[in-house]
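**Student:** These are the residues of each chain, in order.
Number of protein chains: 2
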Amino acid sequence: MKLFYSPASPFARKVLVVAHELGLSERITVVPAAANPMEKEKAIAQLNPAGKIPTLQLDNGEALFDSRVICEYLDALAGGDRMFPAGEARWKALVLQSLADEALDSCILARYEQLYRPESMRIPDWVDAQMHKVFTTLDVLERDWIHYLAAHVNIGPIAVGALLGYLDFRFAHVGWRNGRPRLAAWADGFAGRPSMSTTAPTT
Amino acid sequence: MKLFYSPASPFARKVLVVAHELGLSERITVVPAAANPMEKEKAIAQLNPAGKIPTLQLDNGEALFDSRVICEYLDALAGGDRMFPAGEARWKALVLQSLADEALDSCILARYEQLYRPESMRIPDWVDAQMHKVFTTLDVLERDWIHYLAAHVNIGPIAVGALLGYLDFRFAHVGWRNGRPRLAAWADGFAGRPSMSTTAPTT
Numbered sequence: 001m002k003l004f005y006s007p008a009s010p011f012a013r014k015v016l017v018v019a020h021e022l023g024l025s026e027r028i029t030v031v032p033a034a035a036n037p038m039e040k041e042k043a044i045a046q047l048n049p050a051g052k053i054p055t056l057q058l059d060n061g062e063a064l065f066d067s068r069v070i071c072e073y074l075d076a077l078a079g080g081d082r083m084f085p086a087g088e089a090r091w092k093a094l095v096l097q098s099l100a101d102e103a104l105d106s107c108i109l110a111r112y113e114q115l116y117r118p119e120s121m122r123i124p125d126w127v128d129a130q131m132h133k134v135f136t137t138l139d140v141l142e143r144d145w146i147h148y149l150a151a152h153v154n155i156g157p158i159a160v161g162a163l164l165g166y167l168d169f170r171f172a173h174v175g176w177r178n179g180r181p182r183l184a185a186w187a188d189g190f191a192g193r194p195s196m197s198t199t200a201p202t203t
Numbered sequence: 001m002k003l004f005y006s007p008a009s010p011f012a013r014k015v016l017v018v019a020h021e022l023g024l025s026e027r028i029t030v031v032p033a034a035a036n037p038m039e040k041e042k043a044i045a046q047l048n049p050a051g052k053i054p055t056l057q058l059d060n061g062e063a064l065f066d067s068r069v070i071c072e073y074l075d076a077l078a079g080g081d082r083m084f085p086a087g088e089a090r091w092k093a094l095v096l097q098s099l100a101d102e103a104l105d106s107c108i109l110a111r112y113e114q115l116y117r118p119e120s121m122r123i124p125d126w127v128d129a130q131m132h133k134v135f136t137t138l139d140v141l142e143r144d145w146i147h148y149l150a151a152h153v154n155i156g157p158i159a160v161g162a163l164l165g166y167l168d169f170r171f172a173h174v175g176w177r178n179g180r181p182r183l184a185a186w187a188d189g190f191a192g193r194p195s196m197s198t199t200a201p202t203t
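Respectively, the protein sequence lines represent chains A and B.
In terms of our numbering, the first sequence opens at residue 1 and continues consecutively.
In terms of our numbering, the second sequence opens at residue 1 and continues consecutively.
Everything labelled a hint here was simulated from the structure, so no lab data went into it.
Among these hints, one or two may not hold up.
Stated by the list, open to error - In silico DSS-like pairs for lysine-lysine, Cα to Cα no more than 25 Å straight-line:
| hint | chain 1 | residue 1 | chain 2 | residue 2 |
| --- | --- | --- | --- | --- |
| 1 | A | LYS92 | B | LYS2 |
| 2 | A | LYS42 | B | LYS42 |
| 3 | A | LYS42 | A | LYS2 |
| 4 | A | LYS2 | B | LYS92 |
| 5 | B | LYS92 | B | LYS42 |
| 6 | A | LYS92 | B | LYS42 |
Next comes chain A alone, as it looks inside the complex (with noise of 0.2 Å):
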């Protein structure tokens, strides 16, 4: 399998620690590419239209996208009810998926602010928006999950780990550990993980 990767994406990341708690690391090759949201890396384009990664090309030439199918391919791959628990426990951890999910990409819209356009063309109260998300989100972690999170290694610890990865990556001046103590001694434990350690971004 070909899996179109860059090691600055937390959603590509996903994908490598799954395939690195399931044993699967080493059936997965690693294709550097692009995500530029305003120009599209052909070879991902003509497999996945919106032109993003991850995407993950099988051994048959079918693809599969984006990362939330990728992550529960290779679980099944692995047996399943592993990284995706099968039953009641699924939704707990389907949701929490969602939540960092939907942080990393107020993150993600925050940082296009300042990427793609010019400073007289930012409007701070969107970046303040998407920002209070990502903060409330991190509220809500620190009141409401603690304890799952020590309790349970699935896709929902694993994208609450690579959203706290991407916001030291990228927005470190924030200080998102402030007045989260708990969220921050579980994001160290974590982060000390081989499947955590070996993916950490890099640009």
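Please arrange chain B on chain A, whose structure you already have, making use of the hints.
**Tutor:** Structure of chain B alone, referenced to chain A:
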């Protein structure tokens, strides 16, 4: 169950279409809600820090989001393996949902550019890049997915139905049917399903 809903939201529509197809719509109380990205509605924000619709509140008080998670939950409630196929058939349905959801995300970003920025602060290249993703997705649907669409009613075609309905609703001026006769014919037929006609978007 309570569904925070707006009749203009294509993602909320997916949920109601799935509920109708599964015969579950009478178990869902629809709560009209606003989905303004700049200002979160309190009732939703308490359940979902991203403040987005659709958000589903279960009878035990717990919240489910986003649309993908809610749709899959409803499918499980109805016995499973109907809107979300099991086994190998699952991946095609999920990839098709991703295709449609990604194009919807692009539509919404293009629309926000107009809604939330004064004209002098809009970047036409940004809007064009978003709409280009939408158009290439439509081309892929016309070329590669038409037989699948005609043969299946599951979360994939439902997401495509929500996408095409949203284009008619908010982007009628782009003339998406031009050059895509098979997709247009499928859309017109699919729109006649009771699940679709009772959920047609309104402001």
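**Student:** Check each numbered hint from earlier against the structure, then list the numbers of those it violates in ascending order.
**Tutor:** 2 and 5
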